[in-house]
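All residue numbers for the sequence shown refer to the numbering used here, where the first residue is 1 and numbers rise by one.
The hints are simulated quantities; they were obtained by calculation from the structure and are not laboratory data. Treat each hint with caution, since some may be false.
To be verified - No more than 16 Å apart at the CA atoms, straight line, and that leaves these computed lysine to aspartate or glutamate pairs for EDC-like:
{"#": "1", "residue 1": "K129", "residue 2": "E98"}
{"#": "2", "residue 1": "K82", "residue 2": "E10"}
{"#": "3", "residue 1": "K39", "residue 2": "E64"}
{"#": "4", "residue 1": "K6", "residue 2": "E90"}
{"#": "5", "residue 1": "K100", "residue 2": "D27"}
{"#": "6", "residue 1": "K129", "residue 2": "E86"}
{"#": "7", "residue 1": "K35", "residue 2": "E64"}
{"#": "8", "residue 1": "K35", "residue 2": "E108"}
{"#": "9", "residue 1": "K44", "residue 2": "E64"}
{"#": "10", "residue 1": "K133", "residue 2": "E98"}
{"#": "11", "residue 1": "K39", "residue 2": "E90"}
{"#": "12", "residue 1": "K39", "residue 2": "D68"}
{"#": "13", "residue 1": "K44", "residue 2": "D27"}
{"#": "14", "residue 1": "K75", "residue 2": "D27"}
{"#": "15", "residue 1": "K100", "residue 2": "D26"}
{"#": "16", "residue 1": "K101", "residue 2": "E47"}
{"#": "17", "residue 1": "K94", "residue 2": "E73"}
{"#": "18", "residue 1": "K6", "residue 2": "D49"}
{"#": "19", "residue 1": "K6", "residue 2": "D68"}
{"#": "20", "residue 1": "K6", "residue 2": "E54"}
{"#": "21", "residue 1": "K133", "residue 2": "E86"}
{"#": "22", "residue 1": "K35", "residue 2": "E10"}
{"#": "23", "residue 1": "K89", "residue 2": "E10"}
{"#": "24", "residue 1": "K44", "residue 2": "E98"}
{"#": "25", "residue 1": "K133", "residue 2": "E93"}
{"#": "26", "residue 1": "K94", "residue 2": "D27"}
All of these numbers come straight from a predicted model, not from anything done at the bench.
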Amino acid sequence: MLNSQKIGNEFYQNLGKLFYAVAMADDNVRPVETKRLRKFVRQKWLEVDNFEDEYDTDAAFQIEIVFDWLEAEEKEAQEYFKEFKEFYKEHPEKFTPELKKLILDTAESIASSFAGTNRSEMMTIFNLKLLLKA
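Turn these sequences into a full structure, and let the hints steer you where they fit.
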């Protein structure tokens, strides 16, 4: 796999971790949050680029795959946020202003999809905004 392909896959996989961290911020991922994520992937993320994974599938689907996989894991949401943060700091050139806006829009939509945004989700969104402005 070419290094750029590897980074592309990691980019979308880390977005899956981030969006899972947002949904799991209150220690519970609700079906409506998963549904909102899938809607954003299909309506927004598939159009970001033409990058495909090793199976010739749009790499943006890695967001959903990782999100679903993490539901079976035992880590806390903050651990996944930390992993996204590390990737962000290692590859800041991958995050254009347009992508940062789409990331925030997606995260905020997931957080507000079930009975509005709660305190835990607000803190995660706040930390994301700080990270993306840095």
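Exercise. Taken at face value, is the distance from the CA of E64 to the CA of K44 at most 16 Å?
Worked result: 13 Å, holds
For this session: Given the hint that K100 pairs with D27, test it: the Cα-Cα distance must not exceed 16 Å.
Result: The hint is violated at about 25 Å.
For this session: Would you mind confirming whether the straight-line C-alpha gap from K35 to E108 stays at or under 16 Å?
Result: 14 Å, holds
Problem set entry | Hint consistency between K94 and D27 [alpha-carbon to alpha-carbon, up to 16 Å] | Violated - the C-alpha atoms of D27 and K94 are around 30 Å apart, more than 16 Å.
Problem set entry | Distance restraint between K39 and E90, which requires alpha-carbon spacing of 16 Å or less | This hinted pair is violated, its Cα atoms lying about 28 Å apart.
Problem set entry | Restraint check for K35 with E10, where alpha carbons must lie at most 16 Å apart | 22 Å, violated
For this session: Take the C-alpha atoms of K129 and E98, compute the straight-line distance between them, and say whether it is at most 16 Å.
Result: With a Cα-Cα distance of about 14 Å, the restraint between K129 and E98 holds, given a limit of 16 Å.
Exercise. Is the hinted pair K6 and D68 satisfied, with a Cα-Cα distance of at most 16 Å?
Worked result: Given pair K6, D68 is violated - Cα atoms ~20 Å apart, limit 16 Å.
Exercise. Holds or violated: K6 with E54, Cα cutoff 16 Å?
Worked result: 9 Å, holds
Exercise. Does the alpha-carbon distance linking K39 and D68 stay inside the 16 Å limit?
Worked result: 14 Å, holds
For this session: Decide if the proposed pair is consistent with the structure: K82 and E10, CA atoms, cutoff 16 Å inclusive.
Result: Given that 16 Å is the threshold and the Cα spacing comes to 14 Å, the pair holds.
Exercise. Does the structure keep K100 and D26 at a Cα separation of 16 Å or less?
Worked result: Answer violated: K100 to D26 is near 23 Å, above 16 Å.
Violated hints for the displayed structure, listed by number in ascending order: 5, 11, 13, 15, 17, 19, 22 and 26.
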